[in-house]
Amino acid sequence: MHADEAGKILREVGYDEPTVARVQSLVRKERLKQDPEAQLLEDVICLVFLEHYFADFAREHEEAKLVQILRRTWRKMSDAGRAEALKLPLGSNERTLVEKALREDTTDG
Numbered sequence: 069m070h071a072d073e074a075g076k077i078l079r080e081v082g083y084d085e086p087t088v089a090r091v092q093s094l095v096r097k098e099r100l101k102q103d104p105e106a107q108l109l110e111d112v113i114c115l116v117f118l119e120h121y122f123a124d125f126a127r128e129h130e131e132a133k134l135v136q137i138l139r140r141t142w143r144k145m146s147d148a149g150r151a152e153a154l155k156l157p158l159g160s161n162e163r164t165l166v167e168k169a170l171r172e173d174t175t176d177g
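In this note's numbering, the protein residues as written are 69 to 177.
Among these hints, one or two may not hold up.
Here are the simulated SDA-like cross-link-like pairs (lysine to any residue), alpha carbons at most 25 angstroms apart as the crow flies [to be verified]:
(1) 155 - 168
(2) 155 - 140
(3) 155 - 137
(4) 101 - 81
(5) 101 - 129
(6) 144 - 92
(7) 97 - 111
(8) 101 - 160
(9) 144 - 83
(10) 144 - 82
(11) 133 - 119
(12) 133 - 157
(13) 76 - 97
(14) 168 - 86
(15) 133 - 92
(16) 155 - 86
(17) 144 - 128
(18) 101 - 155
(19) 168 - 119
(20) 168 - 125
(21) 97 - 159
(22) 144 - 159
(23) 101 - 80
(24) 133 - 116
(25) 155 - 117
(26) 168 - 129
(27) 101 - 148
(28) 97 - 144
(29) 101 - 159
(30) 101 - 74
(31) 144 - 71
(32) 97 - 86
(33) 97 - 71
(34) 101 - 124
(35) 97 - 83
(36) 144 - 158
(37) 168 - 150
(38) 144 - 163
(39) 144 - 96
Source of the hints: derived by calculation from the structure; they are not laboratory data.
Using the sequences and the accompanying hints, generate a full structural model.
Written out as structure tokens, the structure is:
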């Protein structure tokens, strides 16, 4: 849906089809781990969530769910993104949740 909306807007303001297709691919998060730009965008999305939204989100959800979300988020990030995530100024509760997620088995999907 977001890729379609971005494409519509880009076409309306005159962008060419290759540019529209590229933006849509990035928005769809296609080829993570193979496309450096798509991976960078995913890393940024994850880092912004962790730094600016995770604390509020964590107050509204159970720990088990948060740990699961963190593990899935971590798997989507590159090594560089993970390294930056560990440098974020998280609160003690959020830092504890990240550490717990990284310690536990990551076999769930």
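Check each numbered hint against the structure and report the violated ones by number, ascending.
4, 5, 8, 9, 10, 14, 15, 16, 21, 23, 29 and 34
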